[in-house]
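Engineer: In the order they appear, the protein sequences are chains A, B and C.
Reminder that position 141 of the first sequence reads as 141 in the working numbering, one-by-one numbering, no gaps.
Reminder that position 71 of the second sequence reads as 71 in the working numbering, one-by-one numbering, no gaps.
Reminder that position 292 of the third sequence reads as 292 in the working numbering, one-by-one numbering, no gaps.
Hint data in this document are derived by calculation from the structure and do not stem from the laboratory.
Misleading hints may appear alongside valid ones.
[Stated by the list, open to error] Calculated lysine-lysine pairs in the DSS-like style (CA-CA distance at most 25 Å, straight line): (1) A:Lys-16 x B:Lys-421; (2) A:Lys-85 x C:Lys-67; (3) B:Lys-439 x B:Lys-311; (4) B:Lys-557 x B:Lys-581; (5) B:Lys-64 x A:Lys-15; (6) C:Lys-57 x B:Lys-749; (7) C:Lys-189 x C:Lys-303; (8) A:Lys-16 x C:Lys-242; (9) B:Lys-439 x B:Lys-421; (10) A:Lys-15 x B:Lys-67; (11) B:Lys-182 x B:Lys-109; (12) B:Lys-166 x B:Lys-182; (13) C:Lys-67 x C:Lys-189; (14) C:Lys-294 x C:Lys-282; (15) C:Lys-57 x B:Lys-64; (16) B:Lys-562 x B:Lys-544; (17) B:Lys-544 x B:Lys-153; (18) B:Lys-182 x B:Lys-319; (19) B:Lys-421 x B:Lys-319; (20) B:Lys-544 x B:Lys-567; (21) B:Lys-109 x B:Lys-153; (22) C:Lys-25 x A:Lys-85; (23) C:Lys-70 x C:Lys-57; (24) A:Lys-15 x C:Lys-282; (25) B:Lys-166 x B:Lys-154; (26) B:Lys-319 x B:Lys-282; (27) A:Lys-16 x C:Lys-25; (28) B:Lys-64 x C:Lys-25; (29) B:Lys-309 x B:Lys-394; (30) B:Lys-182 x B:Lys-309; (31) C:Lys-242 x C:Lys-294; (32) B:Lys-556 x B:Lys-58; (33) C:Lys-20 x A:Lys-15; (34) A:Lys-85 x A:Lys-15; (35) A:Lys-15 x C:Lys-224; (36) B:Lys-557 x B:Lys-544; (37) A:Lys-15 x A:Lys-98; (38) B:Lys-32 x B:Lys-254; (39) B:Lys-319 x A:Lys-98; (40) C:Lys-57 x B:Lys-672.
Spelled out, the chains give:
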Amino acid sequence: MAQNEKTNGKVHPAKKTRVETTINGETVEFLCEPRQSMLEVLRDVLELTGSKEGCLTGDCGACSVIIDGRTVCSCLMFGVEAEGKNITTVEGLAEGAKLHPLQQKFLEDASLQCGICTPGFLISAKALLDRNPNPTEAEIRYALAGNLCRCTGYDKIVHAVLDAAKVMQAGG
Amino acid sequence: MAESTNGNGNYRVIGTRPIRHDGVDKVTGRAKYGADYAFPGMLFGKVLRSPHAHANIKSINFDKALKMPGVKAIVTAADLPEAEDSTQQVGEAAMNPRYLSMNILAHDKVLYDGHAIAAVAATSIHIAEEAVRLIEVEYEVLPPVMTVDDAMKKNAAILLPKLRNKEEGDHPTNTASHLQFKRGDVAAGLQAADFVVEREFNTAMVHQGYIEPHNAVGLYNSDGHGTIYCSTQGAFDVRSMCAQVLGLSVGMIKVVPAEIGGGFGGKTTIYLEPLSLMLAKKTGHPVKLVMTRGEVLRASGPTSGSKIKIKMGCTRDGKITGAEVWMAYEAGAFPGSPVGAGAMCVLAPYNIDNFQIDGYDVVVNRPKTAAYRAPGATNAAMAGETVIDELAEKCGLDPIEFRVANACKEGSAQIVGPPYKRIGFIETVEAIKNSPHYKSELKGANRGRGMAAGFWFNAGMQSSATVNIQTDGTASVITGSADIGGSRASMAMITAEVLGMEVTDVRPTVADTDSVGHTDVTGGSRTTFATGMAVYNAAQDALKQLKERAAKTWEKKPEDVKFEDGKFSAEGDGIKPMTVKQLAGRLARTGGPVTGRAQVSTGGIGVGPAFAATCVDVEVDPDTGKVQILRCTVAQDAGKAIHPSYVEGQMQGGTSQGLGWALNEEYFYDAKGTLRNSGLLDYRMPTCLDLPMIETAIVEIPNPIHPLGVRGVGEVSIVPPPAAVANAIYRATGVRMTELPMSPPRLLKAMLENRRAHDLQAAAAD
Amino acid sequence: MQEISYEVPTTVAEAVTMLKHHGAKARAFVGGTDLLIQLRAGVAFGHSEEFRGAEPKQRPEFIVDLKHIKELRQIKFDANKGLRLGAAVSCIEIHESEVMRKHYPGLTEAAHLIGSLQIQNRASVGGNLCNGSPAADSTPALIALGAKALIGDGNTSREVAVEEFVLSPGRTVLKPGEILVEFLIPAPKPHSSDSYLRFIPRNEMDIAVVGVGTSLTLEGDVVKAARIALGAVGPTPIFASKASESLLGKTLDEAAIREAARIAIETATPIDDMRGTAEFRKHITGVLTGRTLKIAAERARNKQ
């Protein structure tokens, strides 16, 4: 990052800048323009297309990622803000071939139809269970209210989160 | 085992709930949707869209935009060939090529806020966006015509100067067509009634609301061949429509259907696809175009808002004697609303001897409407099913009993077409009657329960399928049906059932237009029905060939070979039964690879009529008009549920869309015809917190014309919910709502007026 | 969006220098939940319905990220001096703060209503105010508490009552080179509490159609102090002073609440838009005034 002599603060000029961050447990460095959102960086620069673009206004949650333990709409964050952060995307939920219990339950409970909202839901659900391992249906619905699904009516999604919570509590 | 079957067999795979084959890719983010594709040297496209609802285009100047560094090409309607002004059949729908071309890129007029005028290709999406802002267009703004009332007025501004209808002769008009269905003598029928209910309904325009915006990546070879990767419900329709618009032959275009993030009918037409090829051709690079959410709402096809006037009468013991319906549907900028379907659905579940239904297809300065899950039927049911509820109440009858007493059965006449074959309407409404929900007591103030029914024809049309037997005894099944809701799993299940395999041994693929035979759109609730039939037949074809190979091995005749419990056998010494796996190892020696294939043409609409019924409990805040859905149950006749989880999924999904349609979804246009809510903040779809669990009851009355008894399941569940909610609101508040959506400002206003009227009555009575 | 530069000051002085240097070409931000939408839409502010008709501003070329300035991230509570709430504290941090939940439940619940969890993890109450929307959820709650905005320009600071901060949709009292540093909120008195309610058509994710924040101090059942503030029913958030005064010295019974609600309705100046008619909004203003007064009173009675 350049130093702006006049202002003393750090400056990312309009041209491409280098950012170093951690994504799914691995150190990643990339170049991006300040005007590129985190979602653009993930999809177009890093080719991590699991996070989806649904609205670009933070109303659908399809672009949700976890930043330092919190879910965030990556479409409403600049890519340059990733510097020094710890980021989890849907690509980082499984451990190698071993699916996360949420992923497994989404499959078993038929909680996806077209699947476009699924990465966002998995992220929001994971963040929920990491904080609240035994949520009620109401708590799940609140935590997932920022993720829109048009195919399922949410019923089987909520069931999958309840089922995954049971598995994770039992040590699975 | 798989030989016979009319839905009542004992299946090994069908009816179970295996994990879908594309599932792991979708939960890990690996699945490739249209916007996920990237190619070397790819450019990004953006579309310039009209800010005016109705205007003549005087000039377009894109010099400045073209000079911007990074901009590689710009296209307008001037780059399109002349299009024919006629009606042609493309897939499910009738289409006028000239209108289609005009919708892709405006010719000399813009007809709605968001109408595409030009497309730019540049090295980054941001440059393309900035370039679009530099394109200068001179407009002559015309008065916007936004409602059917305005459009049908005597001196209304005319959208399409050449549009004519039979009744108005050579007079310019905004009414594209008028259709009518009649039976008996409706005046006499209404005269004979003891109770008559007459109501006028206004339903707002709503959008399918798929979470994935439209996208297309176009590649063009110097030999004239183009390839399009896109999110679509019908790759073959994209191909033929693009060929039509671009003046190419169908064989010059290959369409690869990407995974699709929702469609619900809205992705059965084209918007960006021809633009991607035009720009790819002009630049010599692949070009990706993706709509923003704002573009999706402004410029892709929502479904019609409508005005419906209905008058229905019945005897005091609950027999409907006559019905009169007048419906005008918004077609959007070009003709083609689903008013015809609406007219055929509004009374479809009921035996009525006297009716007249008039439907009008009316153009207005809104985006051209596209199909939305049982197009036209939900609007119609809002009218029909609430009026029936009123009549039932006047007769003192339970709403389900009233419907059963008037129900269509096998042999009953349809509104149009041959009599119904075996249908499950009565069983479906009775499934609600017998549900734990309906049997439970609803306690508490401001609460009410309502139910409604719905009908959809379900279509048949064409599908192709191939089943390849692999050398290790597994199989692949190839179809051309875009998988919106898990259908490829059902195709694998059908294949596995026929061939005695495990479902995990069958690999389903959704193929591009070069790799599989013609297949019509995934829509019309036809996929499991028609493509399922094609897959069934293709698997049977493969099985027939395998029998021949077994026969050859044993030196027997094919008709002497049996296939039972997954094994081939024949009478004779030393003949040991063989599994498909064992036989597969011998294919090369017995004649080569085995590929089963089939193509079906299963007829038009009405091949597996389906009914749904929905019951809803609501609580209404008396001071704000806000409605909470407390409990919801949907029953639907699936004929035969191949994969019950995904059938439930269709039922729950359609229901939740119907609930959104009932409560808060609508298009807001201002006086200038600008769409005010072009985002998901103010186009309000239900969130997880707005809905309860949705209980389901799958009814299985086998479809007599399908080998497995399948009826389509994808659509009909969206039809009853608005009427069910309206009926529930009535019981909670005493107010009959006749507008959709029943949003808090409307409901509160109606409740306050109702209270005032009651207070006046009470005061007068004193 | 057009090209922008991104700058990260670590002190108020640095931030102010950057903003002064770039003038109208610069825009400060914290959560980005309004800014990024506006940049992408090619507008300087106000993508949303409530900004319709407001005069457009210049599209920014410099974005100044205030999240790395310590003073803006603090929650400092003193039982006597009151609360200093940093402008860049996120809504979720407010929700999770024991101090906030205990002493300022109305403001806390207002912050927790802003959008989804994804939005709350980024958005801040300071940003919510500086966006200048009449429908901002946290603003009526702040006004009800008598909060003041502390504005710094690198040398001096000034205090502005939150009800005077927004001048018109999208425009605030901030001059070029000034930033909102923190909110100063009076210490809670005994037997006082606050409440915030909003009306939205769904259960989450909507912008307030009407928002009402109230705070009450009771002595037994008599109102010693009251502040009622209204959101989304005028061009700016409104401090309903007349409605508030109507309660002073009265027993908080149905009649008093009805009267306060009636005056609040008169104070509101809503318009018809796609989120609600003026008539509807006026009615809801009355309803929510009544409901928040009851909740604040219940909370106040339960506190020592």
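Engineer: Look at each hint and say if it fits the structure.
Structural biologist: Structure-based check of all given hints:
1. A:Lys-16 x B:Lys-421: violated, 67 Å
2. A:Lys-85 x C:Lys-67: holds, 14 Å
3. B:Lys-439 x B:Lys-311: violated, 31 Å
4. B:Lys-557 x B:Lys-581: holds, 21 Å
5. B:Lys-64 x A:Lys-15: holds, 23 Å
6. C:Lys-57 x B:Lys-749: violated, 38 Å
7. C:Lys-189 x C:Lys-303: holds, 10 Å
8. A:Lys-16 x C:Lys-242: violated, 55 Å
9. B:Lys-439 x B:Lys-421: Judged against 25 Å, a Cα distance of about 31 Å means the pair is violated.
10. A:Lys-15 x B:Lys-67: Holds. Lys-15 (chain A) to Lys-67 (chain B) sits at ~20 Å (cutoff 25 Å).
11. B:Lys-182 x B:Lys-109: Status violated; Cα separation ~38 Å.
12. B:Lys-166 x B:Lys-182: Since the Cα atoms of Lys-166 (chain B) and Lys-182 (chain B) sit roughly 18 Å apart, the hinted pair holds (cutoff 25 Å).
13. C:Lys-67 x C:Lys-189: Violated, at about 32 Å.
14. C:Lys-294 x C:Lys-282: holds, 19 Å
15. C:Lys-57 x B:Lys-64: Roughly 24 Å between the alpha carbons, so the hint for Lys-57 (chain C) and Lys-64 (chain B) holds.
16. B:Lys-562 x B:Lys-544: holds, 11 Å
17. B:Lys-544 x B:Lys-153: Violated, at about 64 Å.
18. B:Lys-182 x B:Lys-319: holds, 19 Å
19. B:Lys-421 x B:Lys-319: With Cα atoms ~23 Å apart, Lys-421 (chain B) and Lys-319 (chain B) stay inside 25 Å; holds.
20. B:Lys-544 x B:Lys-567: holds, 13 Å
21. B:Lys-109 x B:Lys-153: Holds: Lys-109 (chain B) and Lys-153 (chain B) sit about 21 Å apart, inside 25 Å.
22. C:Lys-25 x A:Lys-85: Violated. Lys-25 (chain C) to Lys-85 (chain A) sits at ~28 Å, over the 25 Å cutoff.
23. C:Lys-70 x C:Lys-57: Not OK: Lys-70 (chain C) and Lys-57 (chain C) at ~29 Å, beyond 25 Å, violated.
24. A:Lys-15 x C:Lys-282: Measuring from Cα to Cα gives roughly 50 Å; hence the hint is violated.
25. B:Lys-166 x B:Lys-154: holds, 17 Å
26. B:Lys-319 x B:Lys-282: Violated. Lys-319 (chain B) to Lys-282 (chain B) sits at ~66 Å, over the 25 Å cutoff.
27. A:Lys-16 x C:Lys-25: Given that 25 Å is the threshold and the Cα spacing comes to 20 Å, the pair holds.
28. B:Lys-64 x C:Lys-25: Holds - the C-alpha atoms of Lys-25 (chain C) and Lys-64 (chain B) are around 24 Å apart, at most 25 Å.
29. B:Lys-309 x B:Lys-394: Status holds; Cα separation ~20 Å.
30. B:Lys-182 x B:Lys-309: holds, 16 Å
31. C:Lys-242 x C:Lys-294: Judged against 25 Å, a Cα distance of about 18 Å means the pair holds.
32. B:Lys-556 x B:Lys-58: Judged against 25 Å, a Cα distance of about 79 Å means the pair is violated.
33. C:Lys-20 x A:Lys-15: holds, 22 Å
34. A:Lys-85 x A:Lys-15: holds, 22 Å
35. A:Lys-15 x C:Lys-224: violated, 59 Å
36. B:Lys-557 x B:Lys-544: holds, 12 Å
37. A:Lys-15 x A:Lys-98: violated, 40 Å
38. B:Lys-32 x B:Lys-254: holds, 18 Å
39. B:Lys-319 x A:Lys-98: Violated, at about 61 Å.
40. C:Lys-57 x B:Lys-672: holds, 23 Å
Hint compliance for this structure: hints 1, 3, 6, 8, 9, 11, 13, 17, 22, 23, 24, 26, 32, 35, 37, 39 are broken, all remaining hints hold.
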